[in-house]
Amino acid sequence: MDYTATRPLSVTASRQDEADLILAARTDVEAYTQLYRRYVTPVYRYCYSRMGNAADAEDVTAQVFVAVWEGLPCYRHRGVFAAWLFTIARRRISDYYRRRRDYLPLDEARDAPAEDVLSAHLVHAESLRQLATLTAELDDRQQELLRLRFAAGLNYKEIAAIVRKSEGSVKMALHRLLKMLKSNLENEVEVGDEV
Amino acid sequence: MKSESLTIEKELTALYHEPTPAPEFVQRLEQQLRGVTKTRRPQPGASQHTWLRMVRWAAIAVCVFSLMGIVAVGPQRVWAALQAWIGYVPRFGFTEVENIRVLAEPVEMAAGGVVVRVHQGVVTTETTLAFEVRGAALPDRSVPGIELGLQLPDGQTLPLRYAEINFAYANGFSGFLVFPPLPLETTQATLVMDYTAIPGAHLALPLALRLAAREGFVEPFIRPHMPVNASDTRNGSTLTVTHAAYGPEETALNLQVQHSGEWGFGGITFMHPVTFTDDTGRGYARFFTTLPVSVFDRQPSVGVGQDALAFGSVATDARRLTLEVESMTFYLWDITRTFELDLGQNPRIEQTWPLDVNFTVADIQINVVQAKLWTAGMSGDYDSGARYYLCFEITGQAEERLLTGIWLRHTTVNVPLRRGDFVPEKPDTEGKMHVVTYLGFNELPTGKLTFMVDGIVFEQVGPWRVTWDMP
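Protein sequence lines correspond, in order, to chains A and B.
Every position in the first sequence, counted from 1, becomes a number in our numbering once 31 is added.
Every position in the second sequence, counted from 1, becomes a number in our numbering once 1160 is added.
Any given hint could turn out to be false.
[Said to hold, decoys possible] The calculated DSS-like cross-link candidates involving lysine-lysine, where the alpha carbons are at most 25 Å apart (straight line), are:
# : chain 1 : residue 1 : chain 2 : residue 2
1 : A       : Lys202    : B       : Lys1170
2 : A       : Lys202    : A       : Lys188
3 : A       : Lys213    : B       : Lys1170
4 : A       : Lys213    : A       : Lys202
5 : B       : Lys1170   : A       : Lys210
6 : A       : Lys188    : A       : Lys213
7 : A       : Lys188    : B       : Lys1592
Keep in mind that the hints were calculated from the coordinates and are not lab data.
No experiment lies behind these values; they were computed from the predicted model shown.
With the sequences and hints as input, model every part of the structure.
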């Protein structure tokens, strides 16, 4: 089977293809390489969105894929491989912060750097810059939902598995969040225009 | 002007897709993963969570957790409210009283000649799910291979976070398994323990959890005593006994350490001599187990640390208690000292380079004396899977401080896994320490390399002597 696929996971191969790939990747280095190619970009983007610099994002991305290789024999596929993968990524990032900063909260969900990360993106368009400011003002859980959805490219089911909520509640939370962001962004533009 | 055409999803996608991994990074990592998968191929059917691994990880976890055991007090009102609801759960630690789930009753199971008993479990609202397990000794008292997981009713399995199991007991084993938090509403789970080397030894222990207490300090909680003026200051560090729980089987003390340095408190480990006595002259043995739960770990801050110790149960006629701690561990991150080493163009395995790198951190004079090139196992197998290391000889001297660990990082070659490439060792009798730093695999590095000192660990010599009255 040809496992080649380097597109974002949300538009990649079917579930069956992924299940076959994961099964093969337990023992076949080539299959594992394909799995790596499929996920390396979203994992990196997610890490970058949490860490704010390329060196650390690369470092943790590398650790994630070694951990995934080591953990594959224990992994039981139930259709949410991405959730398992990003749970590992979240944990690695938490470990990173625990080791780097002695005063960060121990709760994994709260140990992302809040303001600096998104401001580091320095997006070019004015609306994107305003959006970056707005998202940086969100609380950590809201930011994490956005990162999992837009940086990691996960679907609602996968996000739900990671944050241990129902798919419906994730959908609703994201829907409200986007609505609020859109509304705030429009207000910002209006105020900016008036000024 | 309202931007009617704005599609927020598109904008967010653009925002978060700004960073794309560099193609050379993706390619290099792929090559390195191929190397890793050749040399670290997992065995089909063998668990990642073998007891051997668990014990190794437990040791690492104890070190890391003790180093990370930085804690502090938050805003006064929040802290006061928290204090009012702190209880002690025997063998587990200090925790809040409300919304804690505990095991409804102990569960025991036998299969394939193996007997395991889950004695107690504590689920806090935040991050900890800890179970105390005990089991019969295996025939040869070996460390068995076990696949471990906690199955939830929805089929999801929580992986083990860390374990601390002692297999050395003649009459069996005992210790803790710690998992990630359970969803708030979950009251049922199954602890799966698969002994891979023992036919038929597949255990699935059904665990039922109950809310421990809605109000008050009912079983299993012990209301802790908060001693008054139970502090001692030595060398700028103040040790305070903030809570003491006097149980029928054990006495647990929560300790707070405050200091003015930039460093963090690393805990009072089993290496530190500690005595606990009463006014009648009795001494109480320290329990050499880690308390896996602590409510005090939630609000860390610089300059304040916490640790909890457990001892034998205090005698009923004791009126005054004394804790004496001879030394404590501290650590310091983000030192950012660098030094260089020129390996030349043709370095040989076991070649030694004399160095004389000196710097001072936390008033400790640190000297990097020499470096020796080394490879994994020293087997002569220098093929594509070989890993290369440098072993540094380091000394550290200061008045009433002893350097016990140092974190070195190789910065020149951008190898993945470079963080964590340290093996701090206890200094030998001459005060020398050997630190192994990972250089990478596949290629023997040459030329000038730069190393960064990320952090150090040191012991502050006391003693601290804290005395308080029983309630």
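How the hints compare with the structure:
1. A:Lys202 - B:Lys1170: Cα-Cα ~17 Å, so holds.
2. A:Lys202 - A:Lys188: Given pair Lys202 of chain A, Lys188 of chain A holds - Cα atoms ~9 Å apart, limit 25 Å.
3. A:Lys213 - B:Lys1170: 11 Å, holds
4. A:Lys213 - A:Lys202: Roughly 16 Å between the alpha carbons, so the hint for Lys213 of chain A and Lys202 of chain A holds.
5. B:Lys1170 - A:Lys210: Holds: Lys1170 of chain B and Lys210 of chain A sit about 13 Å apart, inside 25 Å.
6. A:Lys188 - A:Lys213: Holds, at about 24 Å.
7. A:Lys188 - B:Lys1592: Violated. Lys188 of chain A to Lys1592 of chain B sits at ~54 Å, over the 25 Å cutoff.
Figure legend: structure checked against the earlier numbered hints; the only hint not met is number 7.
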